[in-house]
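2 protein chains.
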Amino acid sequence: MAAGNLFVIFGDKEEEKMYSQKMYELGSKKSTIRTIFEYGKQRAAIVGEENIYDFSLGNPNVPTPEFVKQAIIDILNEEDPCDVHGYTVAAGDPKVRETLADSINERFGTNFSMQNLFMTAGAAASITICFKALAEEGDEFITFAPYFPEYKCFVESVGSKLNVVPANIETFQINFEKFEEMINEHTKAVIINSPNNPSGVVYSEDTIKKLAEILTKKSDEYGHPVFIISDEPYREVVYDGAEVPYVTKYYANTLVCYSYSKSFSLAGERIGYIVVPNEVSEFADIYAAVAGAARVLTHVNAPSLFQKVVARCAGKPSDISIYEKNRELLYNGLVEAGIACVKPEGAFYLFPRTLEEDDRAFCEKAKAYDLLLVPGSDFGCPGHFRASYCIKTSTIEKSLPVFKKFVKEVYGI
Amino acid sequence: MAAGNLFVIFGDKEEEKMYSQKMYELGSKKSTIRTIFEYGKQRAAIVGEENIYDFSLGNPNVPTPEFVKQAIIDILNEEDPCDVHGYTVAAGDPKVRETLADSINERFGTNFSMQNLFMTAGAAASITICFKALAEEGDEFITFAPYFPEYKCFVESVGSKLNVVPANIETFQINFEKFEEMINEHTKAVIINSPNNPSGVVYSEDTIKKLAEILTKKSDEYGHPVFIISDEPYREVVYDGAEVPYVTKYYANTLVCYSYSKSFSLAGERIGYIVVPNEVSEFADIYAAVAGAARVLTHVNAPSLFQKVVARCAGKPSDISIYEKNRELLYNGLVEAGIACVKPEGAFYLFPRTLEEDDRAFCEKAKAYDLLLVPGSDFGCPGHFRASYCIKTSTIEKSLPVFKKFVKEVYGI
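Chains A and B supply the protein sequences, listed in that same order. For the first sequence, the positions run 24 to 436 when this note's numbering is used. For the second sequence, the positions run 24 to 436 when this note's numbering is used.
One or more of the hints may lead you astray.
Repeated chains share a single entry, so a pair holds when one copy, or any two copies, can fit it.
Using 25 Å as the maximum straight-line C-alpha spacing, the simulated BS3-like pairs for lysine-lysine come out as follows [claimed, not checked]:
1) 118 <-> 52
2) 184 <-> 45
3) 118 <-> 64
4) 40 <-> 240
5) 201 <-> 366
6) 53 <-> 118
7) 40 <-> 241
8) 175 <-> 45
9) 415 <-> 348
10) 201 <-> 240
11) 175 <-> 241
12) 240 <-> 431
13) 184 <-> 52
Rather than coming from a laboratory, the hints here were simulated on the basis of the structure.
Work out the full structure: start from the sequences and follow the hints.
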């Protein structure tokens, strides 16, 4: 059949396509972020890259540390290539997992061994493996606005429903009142992301304690555990000495999802891990379910060379000096321009309030000034916008007078 | 809830678990191959590795070529680390895709561009992405015994059914008679794997032509295309100058799944690609569906460094000299011992007949001689066994008298 893309099987209740309509939609519908980014590229071709202030993408711009390069070269020179580039066991190289477990234990006072770690191809893989490992028919997951929009796609891909608790816009800590209204016996897990994309906020120890308390109570009430899935790719990207509580220490039924995308600027290499603590209910079964989920998601093993690389670099510091400088610069500049913002302690995003209720309209108007911002509605939190500051410091410097001009001309501030 | 892992929601029709029973089963049930391999490791600890003849695993034992190592080091020294290790677009670095398309065109006389390639995390990802991109409810897939057992798991993971055409055990080409009986209007695609795991056989041009002819006829008859998914990780591993027909040249609705796992011994790095030719019906939509499937399978992008590595190594030869030597040695040895075998032209497996009907019993008896073989039943083809010869040549040499002893003592041959 050469032409028409739809045809009807008569007597059948549904139209049949020659491909999956759902996958087509997921592959052809661009995200707002991606659309803005591509607009920026086109616009840059016309007016010059230096005249575009693109705050859209969360792509690390700090170069991968030199010690990562050195680790790669050392591994290539020192180790057997069959071992370096060959299959590892599905959970990841045992020595790698042992080294990483030791490093986590040393930093956070935990007590993990290699049996608690499962190496993955980055954060998207980690969280979706957890969803798939846990979800049974009828299950629901909860997350807290503002939130990373792919969560919805990933949760729905395992046949579950994502419920979003509205934001506490004063602090971007958890809105517990709304959370307690929304949690129910179908809630399989809550997904937290601290330091947060897009708010940059770090959940305080009080927040984690309160969350643990509610979940303990609700687990008892429902007669089954409600898990925490802690998505932590920004754990190392924190400022002003902020502490990011290690969630497993506060709540037993916690799965930790980690990625090296941000800490070592390895976003393209797809390397991270899941921690399944011994204290998790039915630990062995859940670890096996994680392995099963990784298998059907066709993550045969996490990329082998980079498993060894991150083990060699375990405990080495992330260079966040550029982000630190950018954060100060952009935060102060926006506040000076009259834009209100919770000052975040982590990640590389600001999430300020828009100067009108309609955040899409605000971002559209900013676009006329070549300020490319992402509407908060995309993160389940209208009335705000996300500005990624993992960009050139000079771009931020040049953007500040433009922000002032925009705010003055459009909003008379 | 600390103890019991099952509980019943009263009034609900199904038992509810705290995790996915299906994922648990997929993660905890070891494959026969893995079980045999692990037995071999245990046994080796007792009698010494040199006394175990482990033919179970298909893990390349030819070291990754030196030019791969050099390419990695050159990239690290010459290119911007943000670019090397950062996100690529979901389909893969455009320059990488262009280079690979050119290389394929040069070798096979095709006419692909970067828009026809989608970089993936290896063959398991490639084929499952294709299944997921194509499958709608009620769809079925067909493959040909003997076949790679994970196909079943992957096809079922997208909600479809895998039908297996019985083997033509005289040649291990396609059993067309049975195939024509089995294909029906629900058949979305047929999966072929040539050079084949486990038979090692290369499908001849006649086989591909005949398959194309039947599929063209059936597509017309059903009013929708029946696709070929050509799984080709062993394309470069061929002997005696065997030609592996490039399937897109014979049948338009073909998706090619390639991986560098075997050709460059990069199995652990998870790098490969899918080719979606322009000639495929609804090309743009199917390419988009491929992107959507990759997204929900959480393959954000294929590992970025290795995308660049395989592009730098495009067209470079695979070193198959060890496999070639091993093949001759093992084939001749088995035939001499009285075991019949179709002499294969590719991959690194032999798939001989067992000396009794019950292939599991045969392999169990061989195990008593520390000959570790995989029953053909695991590949949908009873009465045979698979012997991987991607192992040390010395192991094969030492095994040959043991095979003779086994055959003589157990079967009196």
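For each hint, the structure was consulted:
1. 118 <-> 52: between (41 Å within a copy, 24 Å between copies)
2. 184 <-> 45: For residue 184 and residue 45, both the intra-copy (16 Å) and inter-copy (19 Å) Cα distances are at most 25 Å.
3. 118 <-> 64: For residue 118 and residue 64, only the inter-copy Cα distance (17 Å) is at most 25 Å; the intra-copy one is 43 Å.
4. 40 <-> 240: For residue 40 and residue 240, only the inter-copy Cα distance (19 Å) is at most 25 Å; the intra-copy one is 47 Å.
5. 201 <-> 366: within (23 Å within a copy, 68 Å between copies)
6. 53 <-> 118: between (40 Å within a copy, 22 Å between copies)
7. 40 <-> 241: Answer is between; shortest inter-copy Cα gap is 17 Å, intra-copy 44 Å.
8. 175 <-> 45: The answer is both: 14 Å in one copy and 22 Å across copies each meet 25 Å.
9. 415 <-> 348: This pair counts as within: shortest intra-copy Cα distance 11 Å, inter-copy 56 Å.
10. 201 <-> 240: For residue 201 and residue 240, only the intra-copy Cα distance (16 Å) is at most 25 Å; the inter-copy one is 60 Å.
11. 175 <-> 241: within (23 Å within a copy, 39 Å between copies)
12. 240 <-> 431: Cα proximity of residue 240 and residue 431: none, with 50 Å in one copy and 69 Å across.
13. 184 <-> 52: The answer is within: 20 Å in one copy meets 25 Å, while 28 Å across copies does not.
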